[in-house]
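**Student:** Take a look at the letters that make up each chain.
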Amino acid sequence: MSLYYLQKLLYQLNREPELQQAFFADRDQVLAKYKLDAEELAAVKKPDIGMLYILGVNGQILMHYAAMCGYAWPEYIQAMRDALAEHGNVRAGLYVTTDGKGAI
Amino acid sequence: MSLVFAGVCSHGPGITGRKAMADSDDVSSLYAAMDGMRQAIEASRPDALVVIAAEHFANFFMNNMPAYCIGMGEEYEGPIEDPAWLGIPRTQVPGAPDLSRRLIEHTLQEVDVAYAQEWKFDHGIMVPLHFLTPRYDLPIIPVNINCQGPPITPLHRAWAFGQALRRACDAVPERIALVGTGGISHWPATPDSGKINEAWDRDFLERWARNDRERLLEYTDEQTYFEAGQGGFEIRTFIAVSGATEGCSATVHYYRPIPIFAVGCTVGIVNLAGQS
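Protein chains in written order, with this note's numbering: chain A, 56 to 159; chain B, 62 to 337.
Just chain A, with the same shape it has in the complex (with noise of 0.2 angstroms):
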């Protein structure tokens, strides 16, 4: 589990225009110089934004690589909360606790 290091590549990813590039010219490349485990790995590749959520990303660094990849807003908060279906709660960080239940 290395969630500080799966933030800070999305927090990059999210600030750094030529990051961007290169990560979505050759993922491997980039992604080789984060220390992820397989589960963060794949989960970034796929992507699995639902997954990235299960594993503690913050949803304010979570949401704008979910824009990156091409989900609209309700297909983002919709992929979290199947992951919650399939997967039980967060395993880590900011939102443990959180019920997941959602008001919309």
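The set of hints was computed from the structure by calculation and includes no laboratory data.
Beta carbons: idealized from backbone N, C-alpha and C, even for Gly.
Among the hints, a few may not be true.
[Stated by the list, open to error] Taking beta-carbon pairs under 7 angstroms as the criterion, some of the chain A residues facing chain B (in silico):
hint, residue
1, Tyr66
2, Leu68
3, Arg70
4, Gly114
5, Gln115
6, Met118
7, Ile132
8, Arg136
9, Ala147
10, Leu149
[Stated by the list, open to error] Calculated lysine-lysine pairs in the DSBU-like style (CA-CA distance at most 35 angstroms, straight line):
hint, chain 1, residue 1, chain 2, residue 2
11, A, Lys101, A, Lys63
12, B, Lys80, A, Lys90
13, A, Lys63, A, Lys90
14, A, Lys88, B, Lys80
15, A, Lys100, A, Lys90
16, A, Lys88, B, Lys181
17, A, Lys88, A, Lys101
18, A, Lys100, B, Lys80
19, B, Lys181, B, Lys80
20, B, Lys80, A, Lys101
21, A, Lys88, A, Lys100
22, A, Lys63, A, Lys88
23, B, Lys80, A, Lys63
24, B, Lys181, A, Lys63
25, B, Lys181, A, Lys101
26, A, Lys63, A, Lys100
27, A, Lys101, A, Lys90
Add chain B to chain A, keeping to what the hints say.
**Tutor:** Below, chain B without anything else, positioned relative to chain A:
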């Protein structure tokens, strides 16, 4: 001079980015309230606008997270997000580095703050500016309180920071407007996005409008997280404004829970005329 204006407002990215998905009356009433705030700021003839924000991992990350930071740049760029996603074109925003430096020097007499000569504005500042300085012709001094990545500053320190910033404003000749921007209860960017605890919000705003220091500082983070979500940590921006305007009541001009904007949208203005 000192403060010529102080207020608070919301900054949720949905306010501009998901406008088309919202009820038209929600949009028009909120936009009108924000425009009223713009007019009040312009009527106060400020030389600069200090924005106390709670940025969302645009500039600051857990590798080196300041509890408080004040911008000292010549100019800033925003939004850092995809402009189409946020509904705000990317632009340059003028800074006021000399004024920033003096405010930082004075604030440091009481509170340890970081400073930054580079700062990319995210929705936390760009959404307010979109409404309050739509021509981007007023120098901006960004201020950040870490409300996102715990451990976060205690509420009483946010109040003390506001007091220190106020004394800094009192020590310079410029006319300064101050806006705090944050959510009240909200669960932004999570599966709970759209959940709003209206009763909690209205109780908080009543405390804020009375500048009730004791009741504003009595929340615990555990209580806030449970009742108001992680977005509730952003009450620090409102509390800093209260610290900066100690003794002044305020008026909440607009409050409406708007789930598609993921927050109880708020516009409040401090009654500075009554200050001692």
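**Student:** All hints are to be evaluated individually against the structure, with a verdict given for each.
**Tutor:** Verification of the hints:
no.	hint	verdict
1	Tyr66	holds (5 angstroms)
2	Leu68	violated (11 angstroms)
3	Arg70	holds (6 angstroms)
4	Gly114	holds (3 angstroms)
5	Gln115	holds (4 angstroms)
6	Met118	holds (4 angstroms)
7	Ile132	holds (6 angstroms)
8	Arg136	holds (5 angstroms)
9	Ala147	violated (13 angstroms)
10	Leu149	holds (6 angstroms)
11	A:Lys101 to A:Lys63	holds (18 angstroms)
12	B:Lys80 to A:Lys90	violated (39 angstroms)
13	A:Lys63 to A:Lys90	holds (10 angstroms)
14	A:Lys88 to B:Lys80	violated (38 angstroms)
15	A:Lys100 to A:Lys90	holds (14 angstroms)
16	A:Lys88 to B:Lys181	holds (24 angstroms)
17	A:Lys88 to A:Lys101	holds (18 angstroms)
18	A:Lys100 to B:Lys80	holds (31 angstroms)
19	B:Lys181 to B:Lys80	holds (23 angstroms)
20	B:Lys80 to A:Lys101	holds (30 angstroms)
21	A:Lys88 to A:Lys100	holds (14 angstroms)
22	A:Lys63 to A:Lys88	holds (11 angstroms)
23	B:Lys80 to A:Lys63	holds (30 angstroms)
24	B:Lys181 to A:Lys63	holds (17 angstroms)
25	B:Lys181 to A:Lys101	holds (29 angstroms)
26	A:Lys63 to A:Lys100	holds (15 angstroms)
27	A:Lys101 to A:Lys90	holds (18 angstroms)
Hints 2, 9, 12, 14 from the list above are not met by this structure, while the remaining hints are.
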